[in-house]
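Undergrad: Listed below, chain by chain, are the residues.
Protein chains: 2
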Amino acid sequence: MPNIRKLLRASPNLKVADEDAARKPLSSGDKAADKQLVEDLARQISDLQDILYAQCKHKVLVVLQGMDTSGKDGTVRGVFGRIDPLGVRSVPFKAPTEPEKSRDFLWRIHQQVPAVGELVIFNRSHYEDVLITRVHDWIDEAECKRRLAHIRDFERMLSETGTVIVKCFLHISAKEQKARLEERIADPNKHWKLQPDDLKERKFWDDYQKQYETAIRATDADHAPWYVVPADSKTHRNLAIANIVLETLQDLKLAYPPANPAYADLKVD
Amino acid sequence: MPNIRKLLRASPNLKVADEDAARKPLSSGDKAADKQLVEDLARQISDLQDILYAQCKHKVLVVLQGMDTSGKDGTVRGVFGRIDPLGVRSVPFKAPTEPEKSRDFLWRIHQQVPAVGELVIFNRSHYEDVLITRVHDWIDEAECKRRLAHIRDFERMLSETGTVIVKCFLHISAKEQKARLEERIADPNKHWKLQPDDLKERKFWDDYQKQYETAIRATDADHAPWYVVPADSKTHRNLAIANIVLETLQDLKLAYPPANPAYADLKVD
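The listed protein sequences correspond, in order, to chains L and A.
Terminal number for the first sequence in the working numbering: 269, no gaps in between.
Terminal number for the second sequence in the working numbering: 269, no gaps in between.
Just chain L, with the same shape it has in the complex (with noise of 0.2 angstroms):
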């Protein structure tokens, strides 16, 4: 599968209704092969984000968007998963707070960026900001497009000064999303994923829809790149944006540091 990042990124027509959730390019067609592919992808990141740690020069940002239950969480799981703690970091976003919301929306954003060697995965972010914000009219058109600016300046700022930047957007269907919240409800174990509010948004599912394609068109660029991933099915999710990230890593052309020849004669006492 030559350069999935290619097959998967987005198109600068974009249009977020006429992307098929559901379908599988990267498939095998035999899901127990796909697992297993999985996690053999999750590995391999692993033991690169070991050398990236190792190394100290790179920083990689991951930023995962979706609806509700697109698989958020589970991605973080299931393709970030081996990575030793060490050099890993999940940062979810929630509301902001009352001193988040008393400085600008890329304040506590700014905060969390990766540091060199580290792979830091944004579990929501400053998409946010003009997604629910926008849908609802907290904010209006003039200040969305303010906002997508500061958002394209920030990305470039970050890229120019060594962040490696990989945006994922998790493309459900309204059906699947359907599916996945009933099971939530049936499941008291997870009702705490579960906000009444969760449901009432997807009345919204169209502006979502149309929100998520004028940001994900105002801020797609080489150094910043978005990736719309089928997310229907959860292993296909898991496999596009495994290949996406492991291809981005072997970019980068990590090594170990070079070895110092002098601490081959050292003896330990």
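Warning: the hint list may mix true and false statements.
[As the list claims (entries may be wrong)] Residues from chain L that keep clear of chain A, each with C-beta distances beyond 10 angstroms, as calculated:
#: 1; residue: R23
#: 2; residue: R180
#: 3; residue: P188
[Claimed, not checked] Lysine-lysine pairs mimicking BS3-like chemistry, simulated, CA-CA at most 25 angstroms apart:
#: 4; chain 1: A; residue 1: K253; chain 2: L; residue 2: K101
#: 5; chain 1: L; residue 1: K31; chain 2: L; residue 2: K234
#: 6; chain 1: L; residue 1: K175; chain 2: L; residue 2: K200
#: 7; chain 1: L; residue 1: K101; chain 2: A; residue 2: K57
Hints in this document: simulated from the structure, not taken from any laboratory.
All residues carry an ideal CB built from backbone N, CA and C; glycine is no exception.
Given the coordinates of chain L, work out where chain A should sit on it, guided by the hints.
TA: Same frame as chain L, now just chain A:
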């Protein structure tokens, strides 16, 4: 003295070498009277800051930059020293730490920007990242240009998200710096302010002036103006900065939140 900001605003063709650091365009000619005026202005600033804090609407950022001994600490004390510490925050930026160096140069800066209701003073700032770094060739000209663009984007974003920005270049002459350094050397109680390296940096005087000129010209904007403050006289420096800050606060048309008529009838048991 109408609109002191116009008088001291950096010109687009600023030539730092041509700026007279000893001039005192705001002085009454009577030093005692000037000092008294600084006191009065500092109190007016304090009164307005109290409203700023109560209103919890505006954010104000004052950036102080200047060569060693140019009077940044003295300005914090002399101009902002009357404000209740509840609503004012002075943030000194020293050489970046390892965690700070492992992110982009704006990371530590962004964390310290004012919240609504706050007046924040940056004692040195992100401008160090295009001054000392460029003077000593730690970054090349292309990187310096990129950083200046990052600063422009960052300050525009801060402005568009509600932060009022004031930037003061405390301009002293090489001769005045010599006198102040000698004073520090002569007074054991001032040795804590002295680094032997400060004396070495004097050799790069002209480079620093040139780099200040480049940075100021590249980042002056109506939403983030630079003021060139003649600072050989400490009293005049305070007089100038107090006036600039006061005029800026007056523009905000600050007002205490409306009284609640129902409160008038409240009884305290």
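Undergrad: Each hint needs a verdict: does it hold in this structure or not?
TA: Hints, one by one, checked against the model:
1. Even its closest Cβ contact with chain A, about 37 angstroms, leaves R23(L) beyond 10 angstroms, as expected for a residue assigned away from the interface.
2. With 10 angstroms as the threshold on Cβ separation, the claim that R180(L) sits away from chain A holds: the shortest Cβ distance comes to roughly 35 angstroms.
3. No beta-carbon of chain A comes within 10 angstroms of the beta-carbon of P188(L); the shortest separation is about 41 angstroms.
4. Restraint check for K253(A) and K101(L): satisfied, since their Cα atoms lie roughly 23 angstroms apart, inside the 25 angstroms limit.
5. Using a Cα cut-off of 25 angstroms, the hinted pair K31(L) and K234(L) holds, with the two alpha carbons roughly 11 angstroms apart.
6. Proximity of K175(L) to K200(L) is assessed by CA-CA distance (about 15 angstroms); at most 25 angstroms being required, the pair is judged to hold.
7. The hinted pair formed by K101(L) and K57(A) meets the criterion: a straight-line CA distance of about 12 angstroms does not exceed 25 angstroms.
Violated hints are absent here; each numbered hint is respected by the structure.
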